[in-house]
Amino acid sequence: MGGEELPGLLVYEIGGIHGILHGHVAFLKKHFYLITMKEFLENKKNMSKKVQAIYLWWHKPVIDQELLQSLPNLKVIAKSGVGMDHLDLKLVASFGVKMANTRCAVSSSTADTGMGLLLASARRLVEGYHIAVSSGIQYCEADFLGVEVTGATLGIIGMGSIGYKIALRAKAFEMNILYHNRRRRKEQEEQAVGTTYCEKIDSLLQQADFVMVVVSLTPQTRNLIGKREMELMKPTATLINISRGAVVDQEALVAALQTGVIRAAALDVTYPEPLPRDHVLLKLKNVIITPHLGIKTDKATYMITEEAVENILAALNGLPMPNEVLPS
Amino acid sequence: MEGQEIPYVLIDCVGGKHGVYEDHAELLKKHFHLITMKEYLENKEFLGKKIRAIYLWYHKPVINEELLQSLPNLKIVASSGVGIDHLDLNLLSSYGVKVSNTPFVVSSDTADLGMALMLASSRRLVEGHQIAVSPDTEYFPADWLGTEVSGATLGIVGMGTIGYKVAQRAKAFEMKILYHNRNRRNEEEESAVGATYCKRIDDLLQQSDFVLLSVTLTPQTHKLIGKRELKLMKPTATLINVSRGLVVDQDALVEALQTNIIKAAALDVTYPEPLPRDHPLLKLKNVIITPHIGSATKKTRRLMMENMMESIQAGLTGLPIPNEVFL
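Protein sequences appear in the order of chains A and B.
If you're matching positions, the first sequence starts at 933 in the numbering used here and goes up one per residue.
If you're matching positions, the second sequence starts at 68 in the numbering used here and goes up one per residue.
Note that these hints are calculated values from the structure, not bench results.
Fair warning: there could be bad hints in the mix.
Stated by the list, open to error - Per the computed footprint, the stretches of chain A lying under chain B, defined by three or more beta-carbons under 8 Å from a beta-carbon of chain B, are:
1. 1032 to 1044
2. 1077 to 1088
3. 1199 to 1213
4. 1230 to 1243
The structure displayed is predicted, hence computed values, not measured ones.
A virtual CB, placed ideally from N, CA and C, is assigned to each residue, including glycine.
Same shape as in the complex, but just chain B (with noise of 0.2 Å):
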């Protein structure tokens, strides 16, 4: 232990709008020497050489292979939450950096947001906040309806970790539950949450009232949903995504919304985030958006980082590491 500092850790900047929280960072500095972006920038030769790890808070700093090159005794990259579409694995790995994100700490939030969006859609819980507290409002109209969730059909695409705490949620409210996903999971699985498994999508989405996405982006769920799909929706049908913006063709989606294809949407992702100020969908009455809030909450915002912490600390130990991602 003798001569061993505290290990260098890169991190794009403290506080801000996407910056590491102040009080994470406070726990942070008793295992690690921060080194924030504009720091390394400012004295990158002597930095360069000390920095081991890389501190990924929504997806910054981000890395290229420039940075990778300046950074030759990096050993390990810990990214927050469970997407990891923005990194390029293949590029880490040939520089022998290992990866790391943080999968099931952010899985009951993301479940919970996806029934929030849900209810929230179907009820029309953001209108009718709107007519509740609009100074023109002068009586609440009694023709003015939402949708049942209870008994309805819920079709989840993606039935990972997430996917399944959707389901489990889902059966509480008398929910049938459908799911399509890369493998069927098995009965006992299926049957404690009175899940159908469909093997073809189609199937999925001709028979559901409200379809959530809760896949990873990969290049086969690349647009998984665009016109074809949206089209084989019920009209009165909802989509709702808490799981990549990319995985929605959002032209078509636009215009399935318009055009009354599918009856809502419910996003709390999109591509970009944030979209343009004058984009269609932030129009739309139909159309419930959130900035990406699927982990939102500040208990599990500090599992992420403890997650994190520990995977750097393994990692550059060399023993095993929590939440190590593989090619």
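Same shape as in the complex, but just chain A (with noise of 0.2 Å):
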């Protein structure tokens, strides 16, 4: 112990807007000695050495050629959440960087989002909620109504592990629940959750009374519900994202939105993030848009935190990384 250093953790700033959160400092600080961008940038000489980390939370710092140059000790980098769709695998692969995300503990905090986002859609929570305060004497009880939910088909487009305990949620409301995916999940895993396979996703997205969308992003989800998916849907049907926005065709969407192609749509994902103040979507009525909650709860970021530490020290360690992320 005498004398010995803890390995460098580089992270983008501490708090603010995109930073580490505050609660997280101490458990990090256990483990590492952490180095902020800023404390990087104004010390580059002496702290270019000591990073053997960096912890990427929210996308940031972002990873460039310049950045991996610098750090000649760099052995991982982990990021918060699990999609790597915004990091160039490639190139930090060939600066023999291991690369990490924490797929296990987004999984049930992600879910709950879906199935909330799916709830408030059909049931019409945000609009009612306005009825409710409003100043104004717009009250209606009896005739402002929802869809039902309970005994509905679900049809899920991407089963991994997020995917997959939406089923589970699904299945306690007696939703019909289709799925979608590249690979088909085993019979057991069917059968534990009451589901169906979709080989073609044209099958589910005529079927379902909601189309929760929850794949990576990746060169062939990009854009993959487009005004063709979108007319194969029932005019009653809802669409929930909790993906990423670039997977949805956006002006697609608002089309479909605005001509009743669609019913509704609950997008916690959008492209940008946020949506530019003047964009349509902000004004439909039948939409709801959440700022990326995904994983945003205390006990979920907490999680992902210490998931990614774990991964971190193994991979300082010299031992396999239970999230490890390879190029494809």
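Two chains, two frames, some hints: make the complex.
Here's what the structure looks like:
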């Protein structure tokens, strides 16, 4: 122990818009010597050799060639959340640096967000709230109707760990669950949640009352849900997106919502985030937008940091990383 | 069957804010001669004797002694929804009038709304939407957090049909479920949802992260949740009410929310409905209120109407009445 320094961990900043949460700092400092980007840039000569790991919180700091070149002892980058779409995995790997995400910590929280948005949209919760508290006299109870969730058909696009947790929750609402995925799940897994595989996405889109998008953003899933897909959906259906804004063709979505091609949408993600303040989506009555809430709870964020630390320590000690992400 | 007219049924009105829906009225008119209150008041002498049933849609028309006295052939009142706290059952019984409600058809929707309110409150969905669409928003702050539902403890006060359906749903969110009820459910029912009975409501209140009220309003449940109960709750807990506004001492609730005795509340019901526009509950940031939409889906409202129609038809032909409410 004597004289041995803790490994240097580079983070963007502490607190603020994109910083590491204050509540996590004590835990991080137990294992690492924390260096913020500001400190690094002010003292590159001394700091650059100390940095052995980077902890990305909400995609910051930006990892580019210049940064990688200035960190000769960098061994691992761990990022919060599960999406890796903003990282150049090949570039990072070319420097011999390992990468990890925190996929285990995020699934329940994100699944809860998905269900919360589905229910809020179906039951017109946000609209109802405004009516209930508005100072105007538009209050009307009896003719304010939503659509049923119990017994409805849910189509899950992307049946990874988050999609599966959504299926588990939806089953308790006696929903009829369809799913579409790159790979079919095992029979046991399908039976446990009572879900039916749709090899063709079209089949899912045509039957679902609620379409929940839970895929990773990849070149294959960019604009996965476009004009064609929305036209296949029922006019009474709701689209829920908790994956990435770019998975949905946003312009096509606006048109679909304005012309009744689909009933409503609930979006935890958009492109960009936040949307420009004059964007049409912000004004549509049949849209709920939330500020990328997916994992924003005390518990989930703390678990994310714990998981990131676990992966970083494993990499620094030459052990297998629980959530290593390899460039595909 | 000869000479038998289709029955005259009194309703409040069709359309407008609280009236019978136009499309429901179309079906009802195939079986009943619908008389609105306006039509009745304009022709009391003739219509008073004809009316044999009242179709009570959202607690209207109001039934009092005066009305009962002028409807000598009234046999049955069919009331929409499950709550019957707005009816004087003793009075109706004294006039020999039977009563029906629509208990089971509303349960899934109400349980769904309870879950919706719990998720919306804990994850700050309404606030989040406001941030997402506000003209002043420049960025989404990283340190803006909600509370986890998965794995938290839910205390259900009132484990009837609705409460039990909430438990079934909450189980899938890996929630720890406690419940308090007049009668304990049987072991099988408890283990199917992983619910633990709390004989004393205090035990439930002290352990729960979310307290959900799904009791019937009775003299015993009036102000069931007051200052004492709110103080027993965790300061990090949320109160969800899908039963009746009067189950909660509303003034005590306002105080508790203002002084951080509890964290938040999500209310589908208040007293009165709607609240006066200057009521403090409307201004509190940690409160979500919805306009009594527990059973407000197209499908369920249609089923309610069909159930009520059935009950009236049975009541008028002397058959056993589905969903009859007994004293």
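Among all the numbered hints in the text so far, which are the ones the structure does not match? Per hint list: zero violations.
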